[in-house]
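Colleague: The hints should help you fit chain D onto chain R, whose structure is shown.
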Amino acid sequence: MLEENEPEWLSEEVKTGTTILAIEFADGVVLGSDSRVSAGASVVNRVMNKLSPLHDKIYCALSGSAADAQTIAEVVNYQLDVHSMEIGEDPQVRSAANLVRNISYKYKEELSAHLIVAGWDRREGGQVFATLNGLLTRQPFAIGGSGSSYVYGFVDAEYRRGMSKEECQKFVVNTLSLAMNRDGSSGGVAYLVTIDEHNTEEKVILGNDLPTFYDQ
Amino acid sequence: MDREEVSTGVSPGSEGQTTIMAVEYDGGVVIGADSRTTTGSEDFSTHTYRNNTSTNSFYKDVHDHLLKHVLSLAIAEVVAYQLAPLVETAAHLFKASCYRYREELTAGILVAGWDRRRGGQVYCVPIGGMLVRQPVSVGGSGSTYIYGFMDSNYKPNMTKEQCLELTASALTLAMERDGSSGGVVRLASISESGVERRVILGNQLPKIVSTH
Numbered sequence: 000m001l002e003e004n005e006p007e008w009l010s011e012e013v014k015t016g017t018t019i020l021a022i023e024f025a026d027g028v029v030l031g032s033d034s035r036v037s038a039g040a041s042v043v044n045r046v047m048n049k050l051s052p053l054h055d056k057i058y059c060a061l062s063g064s065a066a067d068a069q070t071i072a073e074v075v076n077y078q079l080d081v082h083s084m085e086i087g088e089d090p091q092v093r094s095a096a097n098l099v100r101n102i103s104y105k106y107k108e109e110l111s112a113h114l115i116v117a118g119w120d121r122r123e124g125g126q127v128f129a130t131l132n133g134l135l136t137r138q139p140f141a142i143g144g145s146g147s148s149y150v151y152g153f154v155d156a157e158y159r160r161g162m163s164k165e166e167c168q169k170f171v172v173n174t175l176s177l178a179m180n181r182d183g184s185s186g187g188v189a190y191l192v193t194i195d196e197h198n199t200e201e202k203v204i205l206g207n208d209l210p211t212f213y214d215q
Numbered sequence: 000m001d002r003e004e005v006s007t008g009v010s011p012g013s014e015g016q017t018t019i020m021a022v023e024y025d026g027g028v029v030i031g032a033d034s035r036t037t038t039g040s041e042d043f044s045t046h047t048y049r050n051n052t053s054t055n056s057f058y059k060d061v062h063d064h065l066l067k068h069v070l071s072l073a074i075a076e077v078v079a080y081q082l083a084p085l086v087e088t089a090a091h092l093f094k095a096s097c098y099r100y101r102e103e104l105t106a107g108i109l110v111a112g113w114d115r116r117r118g119g120q121v122y123c124v125p126i127g128g129m130l131v132r133q134p135v136s137v138g139g140s141g142s143t144y145i146y147g148f149m150d151s152n153y154k155p156n157m158t159k160e161q162c163l164e165l166t167a168s169a170l171t172l173a174m175e176r177d178g179s180s181g182g183v184v185r186l187a188s189i190s191e192s193g194v195e196r197r198v199i200l201g202n203q204l205p206k207i208v209s210t211h
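If you're matching them up, the sequences are chains R and D in order. So in numbering that gives the first Met the number 0, spot 58 of the first sequence is number 57, and the numbers just go up one at a time. So in numbering that gives the first Met the number 0, spot 55 of the second sequence is number 54, and the numbers just go up one at a time.
Just so you know, not all the hints are guaranteed correct.
Pair ranges (Cβ atoms, derived) [stated by the list, open to error]:
1) G127/D <-> L205/R: 46 to 54 Å
2) S41/R <-> G127/D: 49 to 57 Å
3) K154/D <-> E109/R: 44 to 52 Å
4) E5/R <-> V198/D: 51 to 59 Å
5) A40/R <-> E103/D: 25 to 33 Å
6) H82/R <-> P155/D: 33 to 41 Å
7) A40/R <-> G127/D: 47 to 55 Å
8) Q203/D <-> G39/R: 19 to 27 Å
9) V203/R <-> G127/D: 32 to 40 Å
10) N48/R <-> E102/D: 38 to 46 Å
Calculated directly from the structure, the hints in this document are not laboratory data. Only a predicted model underlies this, so the values are computations on that prediction, with no experimental measurement involved. Yeah, the Cβ is synthetic: ideal placement off N, Cα and C, and Gly gets one too.
Just chain R, same shape as in the assembly:
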């Protein structure tokens, strides 16, 4: 049998292996993600930003199949633009999450992506929604992606109600760092987005600036 000439990664599906999370605080939300995109054993992009804007104050975090996740985000971005023009004001976070959920549910057999939707609106303040497999649930925080399995224990133990913005940011960075250290499909840099009433701040934390632990 002749050996296949082209490298495996050209034919492997591209997945954003990933660790993503979002957490709510009194006046807003913090979203975080790693930056690794893998095709089988190859890392095809080590600096991808998986936090995608759906609207000025609503972001989503992508995980699962890269193509599926990006497409859902783009479609919902368009649908939200139309919706916000129709109602004449900024859309609610719940509306954005609902649009994502509708696509995930209707095409659940064909798609394999999980998006966490988080943002700020005037009515309910900061909100985080999980849309796994087409459900819609609001949670104080949500984690997702392959790396999330390793940090369930950590977030269960560390999360506290009523954390401040800075505490939430630290929580997100620590969680991402732990997951990136254990999950082969997560790594690179950490992206953070903090959304509150007044602004939307995007931040990158480079690999060597991430917190380290006892065995590093």
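Modeller: Quick look at chain D alone, frame taken from chain R:
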């Protein structure tokens, strides 16, 4: 009476159906597991080799073919050399069997104990049969959920009490998330003075999950 005591806790959980953990501290080790297993109500076995001039005695809680085989080899060493076996020896014996029969076996094993040469030690023999010594190690299906917690909360040079607390907390968190783990937490601390077993019942588990 020359008394050397080596106690090894061995958790024969296959990669599923349980959560196990072992931590080293200065002077001994702590080993723990949940109690939900498909093989019955016991989870791990501790084997104490006590040597005096007249008899060798040991006790075990779980019958397991692998365990029996390894024990018989360990006992042979005890008998032949009149020495309590090293923790490293027990770990190597497990590795030898797990590696040779890797196609047939599915067993993830943690060996933790105390001996005079190196003090408290934890050895990990995962599926496939590699052997590595680590200061702290987790295994079983529930272990994936607590890697992050373990990495962030373990610090070198902890005391015995801190290790017991860390293990109990980690197992509680794993039991919370893993459907195959649950029940009570069984802990043992092993040091020069022997094995101390304890059980933490469901309602006495640390209240570490803050969301309820």
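Colleague: State for each hint whether it applies.
Modeller: Status of each hint after checking the structure:
1. A beta carbon spacing of about 35 Å between G127/D and L205/R contradicts the range 46 to 54 Å that was offered as a hint.
2. Under the hint 49 to 57 Å, the C-beta atoms of S41/R and G127/D, about 24 Å apart, miss the expected range.
3. Distance hint for K154/D and E109/R: a CB-CB separation of about 47 Å, consistent with the stated range 44 to 52 Å.
4. Restraint check, E5/R to V198/D: a C-beta distance of roughly 58 Å satisfies the suggested window 51 to 59 Å.
5. Checked against the hint of 25 to 33 Å, the C-beta distance between A40/R and E103/D comes to roughly 28 Å, which is consistent with it.
6. At about 54 Å, the beta-carbon gap between H82/R and P155/D misses the expected band of 33 to 41 Å.
7. A beta carbon spacing of about 18 Å between A40/R and G127/D contradicts the range 47 to 55 Å that was offered as a hint.
8. Remark: the range hint 19 to 27 Å for Q203/D to G39/R is contradicted by a beta-carbon distance near 46 Å.
9. Hint check: V203/R to G127/D, Cβ distance near 38 Å, so the stated range 32 to 40 Å holds.
10. The given range of 38 to 46 Å is respected by N48/R and E102/D, whose C-beta atoms sit roughly 44 Å from each other.
The earlier numbered hints that this structure contradicts are 1, 2, 6, 7 and 8.
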